[in-house]
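Q: As a plain string of letters, each chain reads:
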Amino acid sequence: MVTSGSAASVLVGKVSDVIGSIVEQAVKEPVRYIVNWGRLYALWPVHIETACCSIEFGAASGPRYDLERFGVLEAFGSLRQCDLLVVQGTITRKMVPRLKWIYEQMPEPKWVMAMGACAISGGLYIDSYNVVPGIDKFIPVDVYVPGCPPRPETLIQGFIELQNKIRKTKVR
Amino acid sequence: MEVVDQEGRTLTFSIGPQHPGSGHFRLIVKVDGDFIVDVKPDPGYVHRGAEKMCEERTYIQNIPHLERPVIFDSSGILFPYVLAVEELLGVQAPPRAQYIRIIMAELNRIISHLYWLAIYGIFLGHSTMFMWPMGDRELFIDLAEAIGGTRVTFSYFVPGGVRNDLPPGFKERALKTFSYYEKRLEEYDKIFFSNPMFLKRTQGIGVLKREDAIRLGVTGPNLRASGISSDTRKDEPYSSYETIKWDIPVRKEGDCYARSMVRFQELFDSLNIMRQALDLIPEGSVKIPMRGQIKGKVGESFARTEAARGTMFYHIISDGATHPYRVKISVPSFRSLSAMPFLLKGNHLADMPAIYWGLDYWPVEADK
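Chains A and B are the protein sequences, given in the same order. First residue of the first sequence? That's 1 in the working numbering, and the numbers climb one at a time after it. First residue of the second sequence? That's 1001 in the working numbering, and the numbers climb one at a time after it.
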């Protein structure tokens, strides 16, 4: 059994590690730090629903889970202002060309998140004649969020992983 | 939106599949100025071949993927499948399981209607009505999670009953939620359903007359909003629905307002049905014990139930093997699709979201 004291000390250790690495980066490479900081907490997801995972994305934007407190804004209609493509579920043969067009129309820098088992590998529908087994054969994927469908907590963890990834990207 | 071609006065363009007001679905719209003159729906973006997949899986393995088409009404759309399989096996669920199924199906109806209401709010430019139902929906998800174990996909109904019994103390917890939620519904009425903005955008918009509703074959709340008192739960009672008393909400107008109010009234009715089911529920087992693989007898079976969007129908043909020979699914959303071009023609383009989502069309279900 973990006592609350040791759990708290582990947490404090983790937080101080994270803060330490952030401070180190800010001192070493200030430009990179500032640019990435600007991108981190203003992720605009594209409003594209591809299958049933979209309702858990909707629930994550709702009041109980509230994605906005993590710096993920509500899904938006215009591709030209979006930098995050959340592929919400099964991609069929009919959807693949549209998904590629959407990805190509988004401005740089852009990130892709594969949400749900279907977007990762075909999932439950892997043997279906009309479903493609995973989207990473067509567009590059940054974060995979497993689940069928993923719980909003899992989705939130996926966004935090993505933000960690953005924090480490090089600025060109 | 993309411009497809331009010929004289009219302009043809497509709405979707990437568009805030369409979802995984495309409408090819021809407009003259602001008026829609022609609409061609282009479904099939989420066609996953559910019927074909049924033939390669056993009766039990079919359950998870058959509740994915409408993930927030998962028990409601799975209901006819388990009833049809039970008919093939020649068994009937024990009385306690039948009432638990009613509770689960009505919980899912509320979850589904609240999701519809949240998105309808945002379609009509009312952000509060996105937040309130989304927040209150979580209360019912919690109740369903206490029974089924997951947030949305429960795989809770199995041939011969339900997977497990109600958790201890469920009745008190549920009744507490219901009494809280009934007060919230009055606030919904004040802020949204009596709001002049909502009335202006829905009253007299997209009128589906009684004759047209019958001709186009719409079902469920859309049919009841056109003045026809039809509900599978009343017309062909299944799973002990005959012991429960409630009135079918019917409106005569047939416009978007009537369709919304029918769904709003169904929220009250579902609470009422669940209260009665919790009172009537008998003690006993919740599942008929079954050994080994389920094998249906040679023949075919049908089942029809009332899901959140309307009549859900399953036709299963069995050749005596462990997996079905053929499964035909008839979904309510596909019937709404036949009414959509009829309703959109002649209306303003700006009324498209109100009509489209007023039908509660869910593309994943229609595509199967």
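Source of the hints: derived by calculation from the structure; they are not laboratory data. Model, not experiment: these values are computed from the prediction. A hint or two may mislead.
[What the hints assert, rightly or not] Computed list of lysine to aspartate or glutamate pairs in DMTMM-like fashion (alpha-carbon distance at most 20 Å, straight line):
#1 LYS1176(B) with GLU1187(B)
#2 LYS1209(B) with GLU1145(B)
#3 LYS100(A) with ASP1042(B)
#4 LYS94(A) with GLU1138(B)
#5 LYS1176(B) with GLU1145(B)
#6 LYS100(A) with GLU24(A)
#7 LYS1297(B) with GLU1145(B)
#8 LYS1328(B) with ASP127(A)
#9 LYS168(A) with ASP127(A)
#10 LYS1252(B) with ASP1279(B)
#11 LYS1183(B) with GLU1253(B)
#12 LYS94(A) with ASP1042(B)
#13 LYS1052(B) with GLU1253(B)
#14 LYS14(A) with GLU24(A)
#15 LYS1052(B) with GLU24(A)
Q: Now, for every hint given, state plainly whether the structure supports it.
A: Tested hints:
Taking the CA atoms of LYS1176(B) and GLU1187(B), the gap is about 18 Å. The hint holds against a cut of 20 Å. Taking the CA atoms of LYS1209(B) and GLU1145(B), the gap is near 40 Å; set against the 20 Å cutoff, the hint is violated. Between LYS100(A) and ASP1042(B), the direct Cα distance comes to roughly 19 Å. Compliance with the 20 Å bound is thereby established for this hinted pair. Proposed proximity of LYS94(A) and GLU1138(B) is contradicted: the alpha carbons are some 33 Å apart, above 20 Å.
With a C-alpha separation of about 16 Å, the suggested pairing of LYS1176(B) with GLU1145(B) holds against the 20 Å cut-off. Between LYS100(A) and GLU24(A), the direct Cα distance comes to roughly 38 Å. Violation of the 20 Å bound is thereby established for this hinted pair. For a cut-off of 20 Å, the pair hint linking LYS1297(B) to GLU1145(B) is broken: about 34 Å separates their Cα positions. Straight-line distance between C-alpha atoms of LYS1328(B) and ASP127(A) comes to about 19 Å, which keeps the hinted pair within the 20 Å bound.
With a C-alpha separation of about 37 Å, the suggested pair LYS168(A) and ASP127(A) falls outside the 20 Å cut-off, and the hint is violated. The straight-line distance between the Cα atoms of LYS1252(B) and ASP1279(B) is roughly 33 Å, outside the 20 Å bound, and the hint therefore fails. A distance of roughly 27 Å separates the Cα atoms of LYS1183(B) and GLU1253(B); the hinted pair therefore is violated under the 20 Å criterion. Restraint check: the Cα-Cα separation between LYS94(A) and ASP1042(B) comes to about 11 Å, which is no more than 20 Å; the hinted pair holds.
Proximity of LYS1052(B) to GLU1253(B) is assessed by CA-CA distance (about 40 Å); at most 20 Å being required, the pair is judged violated. Taking the CA atoms of LYS14(A) and GLU24(A), the gap is about 15 Å. The hint holds against a cut of 20 Å. In summary, the hint linking LYS1052(B) to GLU24(A) is not supported, as the alpha carbons are separated by about 57 Å, beyond the 20 Å threshold.
Checked against the numbered hints given earlier, this structure breaks hints 2, 4, 6, 7, 9, 10, 11, 13, 15; the rest are met.
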